[in-house]
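Undergrad: For reference, the chains in residue letters:
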Amino acid sequence: MIKLSSPQDLDQYRYQILSHRRPDQPVITVCGGTGCHASGCHAVVDAFKKVLQEKASDNGVALRVTGCHGFCERGPLVVVHPKKIFYQKVKPEDVLEIFEETVLNGKILEGLLYEHPATGKKVVFEEEIPFYQKQKRIIFGNNGSIDPTRIEDYLAVGGYRALAKALFSMKPEEIIREVKKANLRGRGGGGFPAGLKWEQCRNAPGATKYVICNADEGDPGAYMDRSLLEGNPHSVLEGMVIGAYAIGSQEGYIFVRHEYPLALENIGIAIQQARELGLLGRDILGSGFSFDIKISRGGGAFVAGESTALMATIEGNVGEPRAKHIHTVVSGLYDKPTNLNNVETWANVPVIISEGADWYAKIGTEGSKGTKIFSLVGKVNNTGLVEVPMGITLREIVYEIGGGIPDGKRFKAVQTGGPSGGCIPESMIDLPVDFDRLTEVGSMMGSGGMIVMDESTCMVDVAKYFTNFLKDESCGKCTSCREGTKRMHEILTEISEGKGRPEHLDWLEELGWVTMEASLCALGGTAPNPVLSTLKYFRQEYEEHILNKRCPAKVCRALLHYRILPDLCTSCGRCAKACPEKAITGVPKKKKEKGEPFVIDQQKCIQCGMCLETCKFNAVEVQ
Amino acid sequence: MVSFTIDGQPVEGKEGTHILEVALDAGFEIPHLCYNESVKPYGACRLCLVEVNRKGRSRMTTSCNYPVMEGIEVFTRSEKVLRARRIIMELLLAMCPGDKLLQEMALSMGVHEVRFKKDDKDCILCGLCARVCDEVVGAHAIQFAFRGDRREMIPPFQEEATQCIACGACVVVCPVNVIGMKEEGDERTIPRWKRTLKMKQCKVCGNYFAPWFQLEKFREKAKLPKDFFDTCYTCRS
Amino acid sequence: MTHSEIDAIIERYENKPSSILAILQDIQTKEKYLPKEALERIGEKLGMPVNKIYRIATFYRALSLTPRGRHEVCVCMGTACHVRGAQRIVDQIKLELGIRPGETTKDRNFTLETVNCLGVCAAGPVVAIDGQYFGKMSPAKVDGTLKKFRSDKKKEGANDKA
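Residue numbers (the numbering used here), protein chains in the order written: chain A, 66 to 688; chain B, 84 to 320; chain C, 3 to 164.
Hints are computed from structural coordinates only; laboratory data are not their basis.
Every value quoted in this text rests on a predicted model; they were computed, and no experiment measured them.
Some hints could be false.
Derived DEER-like restraints, expressed as beta-carbon distance ranges [as the list claims (entries may be wrong)]:
(1) Val687(A) / Met143(B): 42 to 48 Å
(2) Ala10(C) / Glu380(A): 22 to 28 Å
(3) Ser20(C) / Lys230(A): 32 to 38 Å
(4) Ile67(A) / Asp132(C): 38 to 44 Å
(5) Met143(B) / Gln73(A): 44 to 50 Å
(6) Thr31(C) / Asn268(A): 38 to 44 Å
(7) Asp132(C) / Gln73(A): 48 to 54 Å
(8) Asp132(C) / Ala623(A): 49 to 55 Å
(9) Arg70(C) / Arg628(A): 38 to 44 Å
(10) Val687(A) / Ser20(C): 50 to 56 Å
(11) Arg160(B) / Gly421(A): 52 to 58 Å
Each residue gets a CB set at the ideal place from its N, CA and C atoms; glycine is no exception.
Okay, chain A solo, but in the shape it has when bound (with noise of 0.2 Å):
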């Protein structure tokens, strides 16, 4: 590869790529993200290989395994360009199929064709389909396009063109202003002001300062991070060397959790590729800056996203926070000043500094500029990921692009903000998505989670859940949130059971509180928000599994009572070879005899639920 020692030699090998690639030239786009794989996309993009080695030699057409394009629920995806046709749940018998007919004759498979739920209308482009219509992707769209391996295709899209820009036209001072401006808050779940996390860094003493890219992603439920590294690489490097550039840092960390990974092997390329291209390392784009990037791999722990904890792991400790009454931005890795900031809030970095803070900050609210990638996931029909401006509500991501509530059940809530954050009811649906509303209600924005829950499940086990995720990866050094999410967790097992008393509400509060106010660091500061915002919107539902002992959306095990109904059961039998406690007993119809209805031993039943799950009769009854 050549190495590009000015923005000059950057416009002229950006025009160069360009010129080899037709706008109307057929290309075979699919999605490679995580969420695809675990679909099967190999098999397609395997398959495609094939028919393209054997039938396309001088056609032209191209095939790109692109980074995660969103609608996860209907994966595999593949888009035919230029057209943008969508294909979604596309299996490896279908690929000969789109080749021949889409591809080389343009005609339209119905049959793999997004179809609208509710009017059964088939849509044919991308961007009609309901999911994308209200998303605003200025920072995941691009996944579409690009091969994450490939940095040609990112510059081919624009890419660079920013830091070439906060380079040789913009002074630091100028591009810390024009973050300002724009009032980026951070997306990691702090939404802290990155400019002025910036500007803090810039006017600390010392003349080593240190970059971070937060890549951990610990909410479980959240995976936009893991989509922007793994899809699109190069836009989160060129947001770490402008900010670099206007810090004053040379050395830079990209801390990704070990869980990821295909983000850690392209993040690893990206670097490599750009590198070897000059946008990286020494004298970059020959403007005289050098910097460059490490990556720091994590060890599975959730609390090592809090950023002492980070900073200790990359400096070989033990992931332990510490106290913040210097501030990291003073003192941070190794006791120098150090700027960290989450992978979406740099991949928002230069589309500010090409688009200038004034269109930014026209999208969004007041409080809070831009937009921001949710993971919409769980009770819902259209799963995947969501790019959304600030201050569009939650109706409108749940109904609008999320598709509403599967099998026609009920909202029951939404939870936002991971283990830190809240459930949001249906009485608040209409409230507008943006950093401070949601804090007012009692949850937060967090890192973009978004998990929608509907009538069949239970508050208190979300509450249960999420103190059991807690507890297990609090470090432990605070008495506090140690014994404070161990102890909460105890009471809310107690209810879940059928064990609890009315006081224990009281004590939920009262641990509560005390974990959030007097824990070092915010995983104990905000530990107690998922019990909390449970009592204070689901408080009825707490009090029926104590007072009545009974858990109405029919989660709590051993509060369920399973029992077949004679008159349905055909004593087929399936539901005691299922059973694996043997706790099913009857007598199975044999070919010219009735049988006898099939009994459930309250004694050594478990509530595992298998029989309900295997009877095709629908004679098993859960109370």
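Place chains B and C on chain A using the hints.
TA: Structure of chains B and C alone, referenced to chain A:
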């Protein structure tokens, strides 16, 4: 010197020190377990909470690791602080119900009952033993292991602490006295760290005065002659 | 693991103490666990006390001090998967393999682990075995999925606990 106030009273502290040290010196009573002046503050027990008012903003924080700053107002007995300390005390007592010191402290703080299911642990996870061993003695024999509610203080691999020199510093510094050390004949044992060491005998008085392993370490570090410790400290003076 | 093998890994990181986590992870990948001798050797070469290395080794879930099985069965316990019934999957695997999360079967074929989010939320509940993702899991599908990885035709019973 840095000037600030504690409970309305003006106090002074050296730059680089923390609120708790200054407060204790000045006669204020703030409960604490994991603080010891011989090692760096850690902030694990959370008992030393105080409210600090700085530039108009108030927050509750541990006083052992909050650096003294000009003009701050510290409150050691506000309603909020007392309530928090009580619940933390209750949590500690639920963890280690048998500890005498905890029971005394609880009574003096007005904690009369423990509502939670009692554990039967004895270690309060203050970390003082390991901190002294690392920072003062330099033997690095024990450390915290595991995480969350599984956190415990153990020698590596939960086997004999092979770096332990049985100096007894951990025994002395443990606030709840759960680390025992005993001597029987020519052996010194710290059962908690599964450590048994043979003692050296003084050539003059015949007493077993220190473990061989410990003396060898000192000799190596200070580059002393081979027979330096043949005589015990008492006989040498 | 020989000293020279361990030394080679340490040298890959320029003998830097700050790379301790990466060194341990590389050894974990190679040996499927962290042998005691390896930690001691690392301590010698990096000049780092073993009590610190042990602390780090027990703090992070990615590291294990006991040998892991040939196949790691990872059940995602992320919120999205939980809401879709991940706990029942764990319970079913517990029944089928006779081990609890964190344990390994007696024949060292399977280790059961729970993970706090694999990042494949749309396909939940998800089980990952040796890096292969199995989405939209259900208790009924467990047996068939595990069959692909069984060492021999004999079914593991509740007695085969490690």
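Undergrad: Taking the hints in turn, state whether each one holds.
TA: Against the structure, the hints come out as follows:
The hinted window of 42 to 48 Å between Val687(A) and Met143(B) holds, with their beta carbons roughly 46 Å apart. Checked against the hint of 22 to 28 Å, the C-beta distance between Ala10(C) and Glu380(A) comes to roughly 24 Å, which is consistent with it. Separated by about 35 Å at the C-beta atoms, Ser20(C) and Lys230(A) satisfy the suggested range of 32 to 38 Å. Evaluation of the 38 to 44 Å hint for Ile67(A) and Asp132(C) yields a pass: the beta carbon distance comes to about 41 Å.
At about 58 Å, the CB distance of Met143(B) to Gln73(A) disagrees with the hint of 44 to 50 Å. Judged by the Cβ atoms, the range 38 to 44 Å given for Thr31(C) and Asn268(A) holds: they are separated by roughly 42 Å. Take Asp132(C) and Gln73(A): their Cβ atoms lie about 49 Å apart, and the range 48 to 54 Å holds. Restraint check, Asp132(C) to Ala623(A): a C-beta distance of roughly 35 Å breaks the suggested window 49 to 55 Å.
Here the CB-CB span from Arg70(C) to Arg628(A) is close to 42 Å, well matched to the stated 38 to 44 Å. Evaluation of the 50 to 56 Å hint for Val687(A) and Ser20(C) yields a pass: the beta carbon distance comes to about 54 Å. At roughly 54 Å, the beta-carbon separation of Arg160(B) and Gly421(A) lies within the given 52 to 58 Å, and the hint holds.
Consistency with the previously given hints fails for numbers 5, 8, ordered from lowest to highest.
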